[in-house]
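Asks: The lines below spell out each chain.
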Amino acid sequence: MRFETRHFGIVEYERDSVFEFPAGLPGFEDQREFVALQQSHIRPIVFLQSLRRPDLCFITLPVQAIEPGYRLSLSAEDLRLLELPEDRQPEIGKQVLCLAIVAVAEGQPPTANLLAPVVVNLANRRAVQAIMSDSGYSHRHPLPVPPREENVCSSCAEGSARPL
Amino acid sequence: MLIVRRRVGQAIVIGDQVEVHVLEIQPGRVKLGVVAPKEIPVIRAEVKLTRQQNLEAAGGATPEKAAELAERLRSRAAGAESGSGPQQESPERPRNDEVSRSA
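First to last, the sequence lines map onto chains D and Y.
If you're matching positions, the first sequence starts at 1 in this note's numbering and goes up one per residue.
If you're matching positions, the second sequence starts at 1 in this note's numbering and goes up one per residue.
FYI, nobody ran anything at the bench for these hints, they're computed from the structure.
Treat the hints with care, since some could be wrong.
[What the hints assert, rightly or not] In silico DSBU-like links for lysine-lysine, alpha-carbon gap of 35 angstroms or less:
id, chain 1, residue 1, chain 2, residue 2
1, Y, 65, Y, 48
2, D, 94, Y, 38
3, Y, 48, Y, 31
4, D, 94, Y, 48
5, Y, 48, Y, 38
From a predicted model like this one, the values you see are computed outputs, not experimental measurements.
Only chain D is shown next, with the shape it has when bound in the complex (with noise of 0.2 angstroms):
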């Protein structure tokens, strides 16, 4: 299938690639479905692209490249939206993909929204972006940090940008 998106031109993608967000995500709710788009110039950035809006996508970066001890502290609403054991976190990488949000305003240092991770279940695709009220983390994290060179999910895609 293809979509149009407005930095990207018309993207190829696979159904299973799609991620759901059954909530949107703060301040874009009617948007449910993102596709995470990768070049691999720019590794380790993610773009989330919205299916339905060509002009709507996001930076971001994986948790790992930024904080490599982080931690998750999903509410139980949010482990039910993802279709998750309530009894326990994810791990990062394994059973989710973790993705924080990053602003990047003229003339202010880039920050990461660490305090509200975009997390997906790799297992559904099914994603929330999770405000995590107790985990003491920050929605401006400044940025850069030293990132690792490290894959987010073994199914990466090289080259132009490409669905995850």
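With chain D held as given, fit chain Y onto it using these hints.
Replies: Frame of chain D, contents of chain Y only:
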């Protein structure tokens, strides 16, 4: 800033229609009940911060900005590993359980 001390079972009233009740207090956290008309959304402050951050992030997300960011990350990685230790506050730190308002 307005600061009010309240006990469990007490409340404050904002305007004519909004009531905030103190239901339960534990070390470091407080349980509040809010009575408000449907048209006044009641959300946690973190949701508002994340909404603002998302709107800002979506506005500036271009491949050019991403390339700049990648360059910053690379140049930083080439330098020494700096101690960007945990700057977040401890989860155990008591949250503000008093009602505050900007003047």
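Asks: Which earlier hints can't be squared with this structure?
Replies: Those not satisfied come down to hint 2.
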